[in-house]
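Using the sequences provided together with the hints, build the complete structure.
As they're listed, the protein sequences go chains A and B.
If you number the first sequence the way my numbering does, the last residue is 360 and the count never jumps.
If you number the second sequence the way my numbering does, the last residue is 360 and the count never jumps.
No lab work stands behind these hints, which were simulated from the structure alone.
In this text, a Cβ means the ideal position worked out from N, Cα and C, and glycines have one as well.
Since no wrong hints were added, every one of them can be taken at face value.
Per label pair, the in silico range of CB-to-CB distance:
# : chain 1 : residue 1 : chain 2 : residue 2 : range
1 : A       : S289      : B       : K358      : 26 to 32 Å
2 : B       : L305      : A       : G265      : 34 to 40 Å
3 : B       : L302      : A       : D327      : 31 to 37 Å
4 : A       : D230      : B       : K330      : 39 to 45 Å
5 : B       : G265      : A       : K227      : 36 to 42 Å
6 : B       : L302      : A       : N223      : 32 to 38 Å
7 : A       : G265      : B       : K227      : 36 to 42 Å
Which chain B residues face chain A? A few, computed with CB under 8 Å, are given here:
#  : residue
8  : L205
9  : A206
10 : Q208
11 : H350
12 : G351
13 : G352
There are 2 protein chains.
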Amino acid sequence: MDDNQNLAIQIVFEGFKNNVKAINNFLEKVSDSDLVKQVSNGKNSGHYLLGHIIAVHDNMIPLLGFGESLYPHLGDIFIKNPDNIHTEKPSIEQLREQWNSVNLMLLEKLETLNSAQWFGKHSSVSEEDFAKEPKRNKLNVVLSRTSHLAYHGGQLILLKNN
Amino acid sequence: MDDNQNLAIQIVFEGFKNNVKAINNFLEKVSDSDLVKQVSNGKNSGHYLLGHIIAVHDNMIPLLGFGESLYPHLGDIFIKNPDNIHTEKPSIEQLREQWNSVNLMLLEKLETLNSAQWFGKHSSVSEEDFAKEPKRNKLNVVLSRTSHLAYHGGQLILLKNN
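What follows is the structure in C-alpha cells.
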C-alpha cells in the first residue's frame with residue numbers, strides 16, 4: 199500500500215533526523231577542550247570524529263543527487279586517513295559550523311523528495327545494477343548513514359562530562 | 199507500490215541484522231578480560247553494555263508480540279540501574295550465550311512476519327493510539343533498536359585491541 203510506503207519513508211527519515219539532533223545536542227553541551235580529547239585511551243579524538251561525520255554526510259550530497267559536496271577536502275583528512283595529531287585539521291569552531299551547514303542542506307533536500315525519489319537509485323550505482331538490486335536506493339543510503347552516525351555518536355558522548 | 203513497501207522492510211531488516219552481525223564479530227574477537235574493562239575511563243564496562251543490549255533485545259520479544267522475554271531479570275541490572283561493580287551480574291560467558299539465544303529467536307521470528315505485520319502495531323501502543331499514530335509499528339521498533347545497537351557497538355569496539 200502507498201500508505202505503508204510513505205510510513206516507511208517517514209520512519210527512516212525521522213530516525214536520521216533524530217540522530218542528527220542527538221549530535222546537535224551533544225555539540226551544544228560539549229566544550230572545545232573536551233572535544234579535542236580521545237574518546238578512549240589511544241582511540242580517535244572527538245575532533246577527528248566530528249570531522250569524520252561531517253565528511254561522510256557531505257558525501258551524501260552527491261550520492262543522493264543533491265549537487266556537489268560542500269567540503270570535498272575533508273574526505274582526505276577524515277575518511278581516507280586515520281586520526282593523526284600531526285595532520286592539520288580545520289578548527290573545531292569551523293567544524294561546528296560545517297556540521298550545521300551540511301546537515302541543514304541535507305535535511306532541506308531530503309524534505310523535498312517524493313516517494314518515488316526515495317526509492318530511486320543513488321548516484322554510485324548504475325541503472326543496470328540498480329535494476330538487479332533495487333535496494334541500492336536513497337532510502338538505504340539514509341538508513342545506513344543513520345547507523346553510522348549512531349555508532350560515532352555513542353563514542354562522542356563519552357567525552358561529555360556529567 | 200507493494201514492491202517499495204517490501205523493499206523498505208528488507209532494507210530495515212537487513213540494517214538490523216548487519217548490526218547484530220557486527221556485534222557477533224566483535225564478540226568473537228574480544229577476550230573476556232578485555233570485555234570487563236570500561237569503554238572509556240569512568241564510563242560503562244563492556245560487561246554492562248553487553249548485558250544492556252541483551253536486555254533491550256530481550257524486551258523486543260514481547261514488544262513485537264513474539265511471546266515472553268527470555269531473561270526478564272536482566273532489565274533490573276542492565277536497564278533500570280547504571281553500571282555498578284558491586285552489583286552481581288551474570289558472567290560474561292553466560293551473557294555471550296544469552297546474546298546469541300535472544301537474537302536467534304528474534305531473527306527467526308522477524309523472518310516470519312509478512313508486510314502487514316511489519317506495519318502492524320507493537321504491543322505497548324493501544325489500538326486507539328495506533329490509529330492516530332500508525333508510525334508506532336513493528337518496523338519502527340526494529341529501526342530504533344538498530345540505532346541503539348549501533349550506538350553501543352561504537353562504544354564496545356573501543357575495547358578491541360588492534
